[in-house]
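Listed in order, the protein sequences are those of chains A and B.
With the first sequence counted from 1, adding 563 to any position gets you my numbering.
With the second sequence counted from 1, adding 402 to any position gets you my numbering.
If you are wondering where the hints come from, they were derived from the structure by calculation, not from laboratory data.
Don't take each hint at face value.
To spell it out: a stretch of chain A is covered by chain B in this simulated footprint if at least three of its residues, at any positions, have a beta carbon under 8 Å from a beta carbon of chain B; those stretches are [what the hints assert, rightly or not]:
# : segment
1 : 591-604
2 : 625-637
3 : 674-686
4 : 709-718
Ranges of calculated distance between the beta carbons of each label pair, as one might list FRET restraints [unchecked claim]:
# : chain 1 : residue 1 : chain 2 : residue 2 : range
5 : A       : 580       : B       : 687       : 53 to 63 Å
6 : B       : 652       : A       : 737       : 53 to 63 Å
7 : A       : 580       : B       : 572       : 16 to 26 Å
To give an idea of the chain B side of the interface with chain A (calculated C-beta under 8 Å), a few residues [claimed, not checked]:
#  : residue
8  : 548
9  : 552
10 : 637
11 : 713
Ideal Cβ positions, reconstructed from N, Cα and C, are used throughout, including at glycine.
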Amino acid sequence: MGGGLAVLIGLIAVFAPWVTPYDPFQMAMAQRLEPPSIPHPLGTDMFGRDLWARMALGARYSLVVAFLGVAIASVIGVSVGLLAGYYGGWVDTIVSRVVDVFLAFPVILLALALIAALGPSPINAMIAIGLVYWTTYARVVRVSVLAVRHEEYVLAAHAVGVPDARILIRHLLPNVLAPVIVLATLGMGGAIVIESTLSFLGLGVQPPAPSWGWSLALGMRYMRQAPHLAVVPGVAIMLTVLAFNLLGDGVRDLTDARGRTR
Amino acid sequence: MLRYVLRRLAQMVVVLFGISLLVFGLLHLVPGDPAALLLGQQATAQDIARLRHVMGLDRPVWYQFVQYVARAARGDLGTSIFLGGQRVTVLIGAHLPATAELAFAAMALAVAVGVPVGVLCAVRQYSLIDVVSMAVTQIGVSMPVFWLGMLFILLFSLQLRWLPTFGRGMPLPAAFLAMLEGNGAPLVDSLRHLAMPAMTLALSAVVLITRMVRSAMLEVLGQDYVRTARSKGLTARAVTYRHALRNAVLPVITIVGLQVGALLGGAVVTETIFAWPGLGQLLINAISQRDFPVVQGATLVIALVFSVINLAVDVAYAWLDPRIHYG
């Protein structure tokens with residue numbers, strides 16, 4: 564179910580300009596703050612723009628920022644985790660202490676502090692998501708590498724003179740990918756929440772781009788006159804996060820099952 | 403035990419050093435010259451040079467870091483660039499109690515709801531209440547905290563008109579004192595203001611605690627000593643609460659401790675929605691004004707509080723569970 568919903572939201576994001584006849588940026592002041600109706604199934608916003616068109620395009624921003632943020636986190640985390648697990652010793656000690664330092668910050672606080680320094684923009688939001696979440700991947704990969712680094716095939720590769728970089732990439736990396744894929748799928752939900760929170764605070768995707776978070780921030784100003792503006796973007800965020808959480812649970816069960824039958 | 407505590411303390415010193423390095427480094431992540439950025443486009447080269455000198459940016463980076471740590475250790479976190487040059491420690495001191503009040507209320511609410519619901523779900527596994535609770539936690543974990551706050555405002559303020567939309571009443575301790583002197587109105591007002599922000603902030607902790615208690619209880623309820631307790635003829639209530647919950651509660655303590663950090667983070671966003679005058683609001687305003695000393699100070703203090711709580715949780719865990727040996 565999660566997978567189907569995630570695919571559907573992904574398709575809406577990809578085909579955003581074609582899922583509605585309305586231009587998400589076209590203002591129509593005569594139709595401002597209209598509740599959901601047949602011509603505008605999700606209503607219109609304070610500038611008379613069609614909310615469905617804006618939500619569809621907003622999916623693109625949310626998914627791209629979250630996906631690239633998760634990609635940054637996994638590349639950093641997997642690389643650091645591989646090195647710490649394989650080399651051990653002082654490399655592992657330093658990595659573990661750096662991870663401890665990053666874990667000393669509540670997730671959203673670290674993201675906000677990074678945005679404060681880097682400045683608000685979608686690219687910086689991706690970087691912030693990456694720097695906030697890399698520790699999870701590093702810890703999981705490190706433990707996975709520790710479990711396999713003394714296996715015979717690794718020792719054999721080492722004995723015949725295979726360079727460390729090749730052992731890490733060709734032999735160890737494929738063995739730690741399953742938990743990374745699970746983490747990345749589950750991490751998409753968290754990343755979408757961070758992205759929408761940053762956009763809600765005006766620190767992520769910048770207007771007039773129709774991000775879900777910023778749409779909610781605008782909706783908050785019109786809660787009395789047009790409650791749908793405070794509800795619709797939130798439902799979009801919640802359904803997307805739910806979809807990736809369910810998908811992540813499914814992928815985890817699948818990889819666990821494969822582990823059991825092996 | 404003492405050796406374990408000392409080792410954790412030593413680890414914490416390293417973490418504190420790392421935290422201050424990261425917070426200090428934030429200013430140096432700023433693209434371009436922070437002084438030029440702060441002064442805007444109309445600033446002259448002389449203005450920029452003067453501000454660089456005031457901020458210490460004309461010194462070597464290592465020197466700036468040593469100075470920053472030395473000052474922070476003395477409780478000097480610098481002065482705000484925008485808030486009338488006020489000392490950052492004074493600003494934090496003025497905003498911290500409101501955040502502490504909110505986080506404490508949210509955690510109390512989360513434990514008060516999460517533990518009984520978790521126990522009930524475990525005792526009646528696969529019943530209607532279990533299925534509904536698990537579905538609600540799945541949805542709850544997918545809801546951004548700021549949206550939940552907005553929905554509460556829509557329902558409790560705008561539709562039902564039960565609760566005030568934003569702001570904080572009298573600080574709770576003062577309101578309690580007023581009640582003891584016979585005036586209960588300030589306490590009622592404070593609690594009405596606190597209700598929505600606390601419920602909003604509590605959500606993620608409620609979800610985690612419910613799930614954790616449920617799974618820990620399910621594990622414990624299948625153990626032999628619980629079966630023995632049942633076969634002795636003890637009541638279901640005594641078995642659940644006196645025998646099972648006592649052992650199931652240990653992992654929950656860790657979650658509660660870790661959730662305090664998440665609550666401090668969540669408070670940043672929650673305070674913005676409800677105009678709650680805490681550290682979060684101070685931080686968000688400072689970020690939008692690029693008031694770096696305040697951003698650094700608030701971040702540092704929240705990370706420090708989080709680290710100290712984590713240490714306390716670890717020590718409490720070691721003390722509470724005699725089976726665990728910490729070398």
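Now for the hints, and whether the structure bears them out:
1. 591-604: violated (count 0)
2. 625-637: As far as the segment 625-637 of chain A goes, the hint is violated, because 0 residues have Cβ atoms under 8 Å from chain B.
3. 674-686: holds (count 8)
4. 709-718: violated (count 0)
5. A/580 with B/687: 53 to 63 Å: Check failed, 37 Å falls outside 53 to 63 Å.
6. B/652 with A/737: 53 to 63 Å: With a Cβ separation near 37 Å, residue 652 of chain B and residue 737 of chain A fall outside 53 to 63 Å, so the hint is violated.
7. A/580 with B/572: 16 to 26 Å: 53 Å, violated
8. 548: Nearest chain A Cβ about 5 Å off; hint holds.
9. 552: For residue 552 of chain B, the interface hint holds, since the closest Cβ of chain A sits about 5 Å away, which is under 8 Å.
10. 637: Constraint on residue 637 of chain B not satisfied, violated at 37 Å.
11. 713: With a closest approach of 10 Å, the residue 713 of chain B hint is violated.
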